[in-house]
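Novice: So the chains spell out like this:
There are 2 protein chains.
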Amino acid sequence: MESANLFRFRPAPANAEVLDVLAESPSVSIERIVSRGHRSPEGFWYDQDRTEWVVVLRGRAALMIEGETSPRMLDPGDSLTIPAHARHRVEWTDPDQDTVWLAVFYP
Amino acid sequence: MESANLFRFRPAPANAEVLDVLAESPSVSIERIVSRGHRSPEGFWYDQDRTEWVVVLRGRAALMIEGETSPRMLDPGDSLTIPAHARHRVEWTDPDQDTVWLAVFYP
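Protein chains in written order, with my numbering: chain B, 1 to 107; chain A, 1 to 107.
Just so you know, these hints were derived from the structure itself, not from any lab.
Quantities reported herein were computed from a predicted structural model and do not represent experimental measurements.
Check each hint, because a few of them may be wrong.
[As the list claims (entries may be wrong)] Rough simulated footprint, nothing fancy, chain A against chain B, three-plus residues with beta-carbon under 8 Å:
1. 8-18
2. 50-57
3. 81-89
4. 97-107
[Stated by the list, open to error] The following residues of chain A were derived to be distant from chain B, with all beta-carbon distances above 12 Å:
5. Ala4
6. Asn15
7. Leu19
8. Trp92
Using N, Cα and C, we set each Cβ at its ideal position, and we do this for glycine too.
Let's have the full structure, built from the sequences with the hints guiding it.
Specialist: Take a look at the structure:
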């Protein structure tokens, strides 16, 4: 039976993110992302085939949803259900601490 | 777009647990469980049709997997992938603080 600890990870390099798949099946993927100062490239939008449920567990981030007027600030515990094809981008993550995201992608 | 905070919840009553479905689709369910001193009833085993990925985010719990010789202690961040029909039970949760679980059930 596979076990792990969400909070044991290599720190992310500055302005980068590190992604680990924690569990997956043909249709579902559970991922941990650790970011430090990372943001999506200029003009880049995620446009995903599956719904994404995402939560920030540590740190702080700003997520921009296409069509909204300002980014959503995410503090520890803040979660969001992003429907498939709702375009979004990471506008900012805290440069001074690791931000730990947990994301579940599902149909 | 649905948003929430994982760590804003009613405290669980003593020896009880409170379950909230955070997101779901026909095949997948993402649930928060808050327990305080709750354990599975004597002789009860969960026997589920779907895989369960579960993590303890706060508090402390002991999970017994059928066939293992002692319960697994789960501290914050500890996660486990429980295959469908792997029988298991909650042997113990901390009576002195809320234990916050996040569980993802998927095919």
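Novice: For the stretch 97-107 of chain B, count the residues whose Cβ lies under 8 Å from any Cβ of chain A; is that count three or more?
Specialist: holds (count 4)
Novice: Taking 12 Å as the cut and beta carbons as the points, is Leu19(A) off the interface with chain B?
Specialist: About 16 Å separates Leu19(A) from the closest Cβ of chain B, which puts it past 12 Å; holds.
Novice: Is the nearest Cβ of chain B still more than 12 Å from the Cβ of Asn15(A)?
Specialist: Since the minimum Cβ distance to chain B is about 25 Å, Asn15(A) lies beyond 12 Å and the statement holds.
Novice: Count residues of the stretch 8-18 of chain B with a Cβ under 8 Å from any Cβ of chain A, then say if the count reaches three.
Specialist: With 1 residues close enough to chain A, the hint is violated.
Novice: Three residues or more, CB to CB closer than 8 Å: is that satisfied between the stretch 81-89 of chain B and chain A?
Specialist: This one holds; 4 residues, not fewer than the three required, reach chain A with a Cβ under 8 Å.
Novice: Can you take a look at whether the stretch 50-57 of chain B is actually covered by chain A? Rule is 3+ residues, C-beta closer than 8 Å.
Specialist: holds (count 4)
Novice: Minimum Cβ separation between Ala4(A) and chain B greater than 12 Å?
Specialist: violated (5 Å)
Novice: Hey, is Trp92(A) genuinely clear of chain B, shortest beta carbon separation above 12 Å?
Specialist: holds (17 Å)
The structure shown violates the earlier hints numbered 1 and 5.
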